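Trainee: Whenever a hint applies, use it, and build me the whole structure from the sequences.
So the chains spell out like this:
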Amino acid sequence: MNILNLFKNKTFSHGIHLPDKKEHTREQSIRRLHFAPELIVPLSQHFGAPAKAVVSPGQEVVRGQVIAEADGFMSVPIHAPASGVVKEIELYPTAKGPKTEAIIIKTWPGASQRAASFEPVNIASLSHEQLIQAVQDTGMVGLGGAGFPTHVKLSVPPEYSIDTLVVNGCECEPYLTTDHRLMLEKTAELLQGTSMLMNALGAKQAIIGIEDNKMDAFNAIKSHISGFEHIQVKAVQTHYPQGSEKLLIKVLLGREVPSGGFPYQVGVVVQNIATITQLGELLPSNQGLIERVVTVTGTGVNKPGNYLVPLGTPIRFLLDHVGFSGNANHLILGGPMMGSTVASLDVPITKPVSGLLVFNEQSVEKVTDEIYPCIKCARCVDACPMHLNPSILGQLASKRQYEPMMETFNLMDCFECGCCSYVCPSNIPLVQYFRIAKSVLREQPREEA
Amino acid sequence: MTQTVKTNQASSMSMLITLGGVAMLSGLLVVLTWQLTLEPIRENQRIMIEKAIFQVIPGAVQRQSYALSDEGLELIDPKVKKLKKSEMKLYAAYDKQGQLKGIAAESAAQGYADMVRLLYGYDPQCECIRGFSIIKMAETPGLGDKILVDKTFLANFDALDVRLSADKKTLQNPIITVKHGDKKNPWEIDAISGATITSKAVGKAINLGAEKLLPRLSAHLEKLKLMQTMPSTQVPKSTKEKAE
Amino acid sequence: MIELRTSPHMKGALSLPQIMRHVIYALLPICVFSIYQFGISALVLMTVVTLSCVLTEALFNYLSNKKNSLNDYTAIITGILLALTLPPGFPLWMGAVAGFVAISMGKTLFGGMGFNLFNPALLGRAFVQAAFPVAITSWTPGGMADRFTQFIPSSLTIPFTAPTNTVDSFSGATPLALQKFEATTTPNSDLILGFSSGSLGETSSLLILLCGAYLIIRGFMGWRIPLSIIVSTILISGIFYLMDNTYPSPLFMLTSGGLMLGALFMATDPVSAPVTPMGMWLFGFLIAAMTIVIRLFGGLPEGIMYAILFANASVPLIEAIAQPRKFGQVATKKSGENK
Amino acid sequence: MEITTESINQLLLASFFMAALGIVLAGVLSIANRRLYVYEDPKIDEVEELLPHANCGACGTPGCRPFAEALVAQTVDPGLCTVNSKDMNQVIADFLGVEVSQHEKKVARLACAGGNHVAYTRANYQGLKTCRAAALVSGGGKGCTWACLGLEDCGTACDFDAISFNKFNLPVVDEDLCTACNDCVVECPKDLFSLQPISNKLWVACSNKDNMDESEAHCDVACNACTRCVSDAPEGLITIQNDLAVVDYSKNGLASKVAIERCPTGAIVWKDYNSESQRGVGSRKIVRKEPIARVEPLPRV
Amino acid sequence: MPIKEDHTITADTFLAGIWKENPVFVMLLGMCPVLAVTNSVINALAMGLATTFVLLCSSTLVSLLRNVIPKEVRIATYIVIIATFVTITDYVIQAISLELYNALGAFIQLIVANCMILGRAEAYASKNRLLKTLTNSLGMGIGFTIALLSLGTVRELLGNGSLLGYSIFGEAFQPWVVMILPPGGFIVLGAWLLLFNWIKERNAALTLANERGTS
Amino acid sequence: MSPDSVSFIFLNAFLINNFVLAMFLGLCPFLGVSGKLNTAWSMGLATSFVMLISSLSAFFINELLVYFQIEFLRLICYIAVIASAVQLVEMTMKKFSPTLFRALGIFLPLITTNCAILGLALFQTFKEYDFAQSLAYSTGAGAGFILAIVLMAGLREKLELADLPNTSKGAAISLMLAGILSLIFMGFAGLGS
Ligand SMILES: Cc1cc2nc3c(=O)[nH]c(=O)nc-3n(C[C@H](O)[C@H](O)[C@H](O)COP(=O)(O)O)c2cc1C
Ligand SMILES: Cc1cc2nc3c(=O)[nH]c(=O)nc-3n(C[C@H](O)[C@H](O)[C@H](O)COP(=O)(O)O)c2cc1C
Ligand SMILES: Cc1cc2nc3c(=O)[nH]c(=O)nc-3n(C[C@H](O)[C@H](O)[C@H](O)COP(=O)(O)O)c2cc1C
Ligand SMILES: Cc1cc2nc3c(=O)[nH]c(=O)nc-3n(C[C@H](O)[C@H](O)[C@H](O)CO)c2cc1C
Ligand code: SF4
Ligand code: SF4
Ligand code: SF4
Ligand code: SF4
Ligand code: FES
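In the order they appear, the protein sequences are chains A, B, C, D, E and F. So our numbering is basically just the index in the first sequence, starting at one, shifted up by 2. So our numbering is basically just the index in the second sequence, starting at one, shifted up by 42. So our numbering is basically just the index in the third sequence, starting at one, shifted up by 99. So our numbering is basically just the index in the fourth sequence, starting at one, shifted up by 371. So our numbering is basically just the index in the fifth sequence, starting at one, shifted up by 441. So our numbering is basically just the index in the sixth sequence, starting at one, shifted up by 271.
Simulated from the structure, these hints should not be mistaken for laboratory data.
With a cut-off of at most 20 Å between alpha-carbon atoms, the simulated SDA-like pairs for lysine to any residue come out as follows:
| id | chain 1 | residue 1 | chain 2 | residue 2 |
| --- | --- | --- | --- | --- |
| 1 | E | Lys512 | B | Ser56 |
| 2 | C | Lys166 | E | Trp639 |
| 3 | D | Lys500 | A | Tyr374 |
| 4 | D | Lys628 | D | Val601 |
| 5 | B | Lys93 | E | Leu539 |
| 6 | B | Lys126 | F | Gln404 |
| 7 | F | Lys366 | D | Ile402 |
The structure displayed is predicted, hence computed values, not measured ones.
Mentor: Here's what the structure looks like:
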């Protein structure tokens, strides 16, 4: 809406501009975290059916070994993040709330960590089906946040053809810098992974979209790109939620993913930087996903930075390591806009977690300010990137009128980006309302059946 | 109204009889009432009209109704005769001696809220309007209805000039309403400030009426000079009229 | 203990009281100009009306055991704006009545701040306009020599009685009334700078525009509604003017009467305006069209108040036809092509 | 007034006119009637009058009118309406000439006893005061993930004011008022309510599926799967599933208070109609009489 | 109804219309005349009496004929009966005072369409015996008249400074013109309803507080 | 604009002297059926349709009565004829256009005893409108009724999302809303004069 936007890089309409707060970790190169004495590996770290454990208590496992296998197509295997012995398989708290089954591994002390050996594979020689299988075997899921199994994304329904792979390097959430660091430090793997996936999808081109607050990453990739003809990098304006795949596709390609539909319907697949980088590393060596980069930052930690964390590391251990100042009482897994708070320090780091934000008392913005009635100021309407009407949705939700929210006002198109809550001067917890409404609405068909 | 009916539907005959009977009964009742109240109602109407007429024509105590049309002037009994579209009704008012004091007629114009319907009194002697009275209006009380009480406004009608032009086809000067304090000519109406619209409506109505009435009337003025009486009885029975 | 909160965990800087505070700041220059022009009567009338609004709000809070709602400043805005729409010599007691009606019937009745369907200030004014039509159409000219030492006589009317010694209201006829009833045009420079008679706050279009621009630039107020009203006014009255230039010019239309104040401060009252962009354009157009129709063909010289209120009443209908086009709504065709 | 031939004529004219009009209209109506003839049993209206118009659905039909239709068709029996008083149902039955069968009353029962004096909270939930919202934010902050959050969703859902909250923020069902409409069962995001016939007196007031230590770490009255009730009760009445005692109500006839006596936490209780549930003598005493302090969530907007 | 007809006349038969089932304040029936003619007390009174008269006469006739009228032509017959009495009233008022007649305008004739009267005929008179019907109708009529008066009083007092035409507040009083204009009708009735609601609310709150206090 | 012109008559009945908000006619359905926008719209359509029908039938009935010189039976005849005309329409509609019937038909019986219908017929007779004028009058009144009831319904629907104080729930708020609308419609006064 701002006239100045004309002179900037491209972006989508609506959305908001956020302070990026990335300065504390932007310059911190990725450091490896050592193993926690006990790793908690939930069987469900992804979207879809939980994996099935194939180990039993007392069994010794080697780092990288499959400890749970995929339960069907909509599922991925899980690999042991560290060598050790399986202590138990029991219910354990997760970030979402309900307890789920987790394999608890007592790790051997750091020095004796030994990796299972793998035979490298020749990607080029694999058939399409084999390639998908290989991707599934890595246990790779979207590392951008949703945890959607990557191999499912690659198996595009036959009636659609993919022409473009979009690599999502926006990292539009404040504080987070994992993708930024990966682009700088693992540029080669990124490009390799990109061309691998292009082949897998049969895509003619790939576009790496990067927000223009990460121009160093942009330049780094630009300087490596010469060997890869069909890959281009494009800078897009820093604008939240630029990283959402639908908006990124709109900006880069001008295509609009139909409401309720998926990117493949407009010939695009979107993958996150981390997903592709990891895939670029793991696939040729036939390894499984056992660790990921997590940004740990916030006012509550002493050593903010980007850490390569073995999956299953309890937050408590991570915090001890980075030094956390006493009264930190607000922990967020993910970014500040979409991440969720955790109720317990026992919660482990899982595959989709890209950041851990730790704040001490009230240093997070004053969310608990007094709530006023909606004044219909339309700021939320102007902010909503999905062009919904959060104002009326919020009013309906407060009166528990959920049906019209879905039927008339397209509630289901809301992807909970939080723009509306962010701008609301009346402090109405719009997104929370919408989550409640969606959860009620999702339950309803089940009841009627 | 009758979607849910019992299984035992009433026969059509009984329906016909009941409704027909009740309707007949009510027709009877109404007609009786009407006949009984006819007289007092007429009397009421007469009093009301005369009050209005005598108010707009100072000095008048009797009156007579006429219908003016292209065919000429015709004495009517207003209670009985329905006027045709082409006819205009007017009242000639006389003093005790039966001398013509003035002529009153109705006119109307759109005011602020709704039509302002008024009766104005024309004095053939001075060729001027002597007054008006409101038959019906819905102007804002306290604002629009100042036209009834505002002294300066009423003073406009001491002698509002409606002289006919030389050819007797139109008014020499159309009546216009000017803003408060701007009245310069005897054919202008000085508006009430704050109720300009209503004032204008009064002016418009009188202008409209005078434009229509006076040119046609001028030929018949002589006929009205002296009070006439109806050829038949003073108050004829309606039914007789109908028989004609 | 760990705190559980829901995302987003960040919050934009604007808060409701802050917005409202800035609206008050933006209104202050207009008030000052009004006091300069009309003297102590203006000052006292503004104070009385605002106090009446605030006290009414407090009274109803007390009666309904609601928590204090004065700290959102909206009652003060209502009071100031209401006062700015009243004629300078308006009896103070009637001003107090207007304030009471604005808050009680315009706001509390519907559940208070945020729920009112109509602009409370204008509702208050509409009520007193219907109740005391004479007093509200008695204009006093601005810039009278003794304005800082003496009250306009009608101001001090004893409660519940009619103003007795009204100044000859003619000397103070508003530009619109002059145009409508006398066919006299006021010079544009007077209209723009504010040296004409009229309601307390409506005289200087330029000042109003500047104050409104401040709010828009700082992001406290949307820009669509004012723009829509101004553009529509120019277009519609331009068409009339071109057809027949005895009709007032667009510039006159824009700068006379309460149009500017209405467009920038009253039609923009967020609560009683639509939320969707398309709705805002329609809303503005409706206001402009109706204002012009009333001004040119209606019984009243000014129509902006009724136009805004009517548009307020139409908001549900406007919103029923002007919901935003959601993202991805038309793209279904594209995917078909892709198959 | 004189009576003249004119006035008589007028009288006759008017009367005949009206009579004719009446007959024409009646004719029209009678034709209309034939065409629009729709049979609907008038009994349905009358029965509906006698129903409570609560449209709660507890009877199993979508509302009172369909229930009335079904009653008149005699496909259901009046006793199914749980909102009406017994007498009124008898009136309906008499009217229809049928018997009222005795349906056992069901009430809503909560499978949790973790008020905030016995169940620990590990995190402060700050957000809208609804259970569903809290459940969506990392489960809501109670140590036991299955526990009642006490933010009153069920109370709001109940149309009959049958659910109130005690000072430990635990819902208490007034069994007289409960009509077994199922609303609270549907509403609770933790699925803690279920409808139980009042003869099901042996009741496990816990849903915790953690094992022994873990469950007791979060709640003083949790079922810790110690199996004492299983061995004290007749064979097969109680089993442990997922570290939780489960009563098999098909063997309800065997139930007696013996089963609850040795329960160390008092998770299994004996619930008589309309009285407080009784804990076993062996259960540990609840010492805390005040709720553990918590930060109030935002008001339910 | 399976429940037997009840012929006993209680105080409630009469009082229902005045308060508990007041046609205007509670049942919101016959709103048009209520609002249209209450700009002065005298109009309100005349309208109230006229309506009561029609109500009584038509209920009587309907009650007497209740077993004769076939269900199918019920409404048509009622309407004709009502219209008859309305016409009669109309002429009688004209005979009494034309001024009053003009003030009431067409609303005398519109009594025909007053839902209250048809409602009473349909719901009460057609089901009950004459005496009971009369008692009830009288109550209704009085209730209606009271409502009209309560509106007329406020509107005339504020809108004209007078009651029954006599100036109350003296010359200097500034009439609140809006009260006799259409909006005033709606607003005054709305205000009465608000007042009743408020009293009800407060009483409910008080009894609740009392119960809490005693238990 | 001449007060007798068809366009002024339309405008007058539509806005200036809106049947509901200035003339107090048809309040029962206006207050009763304005809860939901959709129903209000249907009700408005049905009412204006019936207005048209009854205005026409009243026009012809009046000719008949004048011919027989029994105008005193006007009221009875109007109401009886309108009632049956409406029922006939209802019947025809049901038979020939069930969709239309489902949308509008259910309101028809309700409308018969609505004083706007009768008022329209009576006023057009008092004002001695000819056929074209009656037509303009009835369409104007119908349009005015639709406008009023649709505005009202929109507002009431919006109010459902408001935190109404208990005191103003129910009929009170509807009446106040009607009052406010009526206040707003005063702005149309004097239009076209
Ligand atoms: C139920 C469901 C089915 C999906 N099916 C597909 C699919 O068939 N193909 C695909 O490319 N992506 C599929 N997706 C993935 C989404 O397009 C999207 O990439 C994923 O939800 C993560 O995106 P986000 O992080 O923007 O939420 C599916 C997602 C969901 C929730
Ligand atoms: C509001 C919103 C913001 C998002 N922001 C980002 C982002 O900054 N970076 C990113 O990689 N994915 C982001 N995503 C997820 C993408 O939509 C998409 O799911 C992801 O890029 C798919 O890649 P993945 O399957 O490899 O994770 C966002 C999603 C939403 C709904
Ligand atoms: C509620 C209200 C009622 C009004 N009623 C009338 C009225 O009955 N007659 C009238 O001429 N003007 C009426 N007006 C119009 C204004 O007073 C208008 O400004 C005035 O007629 C023209 O101003 P002027 O006469 O001072 O030039 C009314 C205005 C309002 C707001
Ligand atoms: C830009 C803006 C304009 C406003 N205009 C008005 C106004 O015209 N009248 C008013 O009563 N309140 C106004 N308010 C204050 C507030 O929105 C109003 O009191 C609410 O309607 C009360 O619910 C305004 C507020 C803002 C932010
Ligand atoms: S959270 Fe949903 S409604 Fe709010 S801005 Fe984002 S997409 Fe729009
Ligand atoms: S931003 Fe908040 S106050 Fe403004 S319209 Fe949206 S929900 Fe309402
Ligand atoms: S039982 Fe369920 S709905 Fe009720 S308070 Fe507990 S968690 Fe909430
Ligand atoms: S909501 Fe629950 S407690 Fe209330 S009546 Fe229904 S079943 Fe009983
Ligand atoms: S009284 Fe006018 S519609 Fe009911």
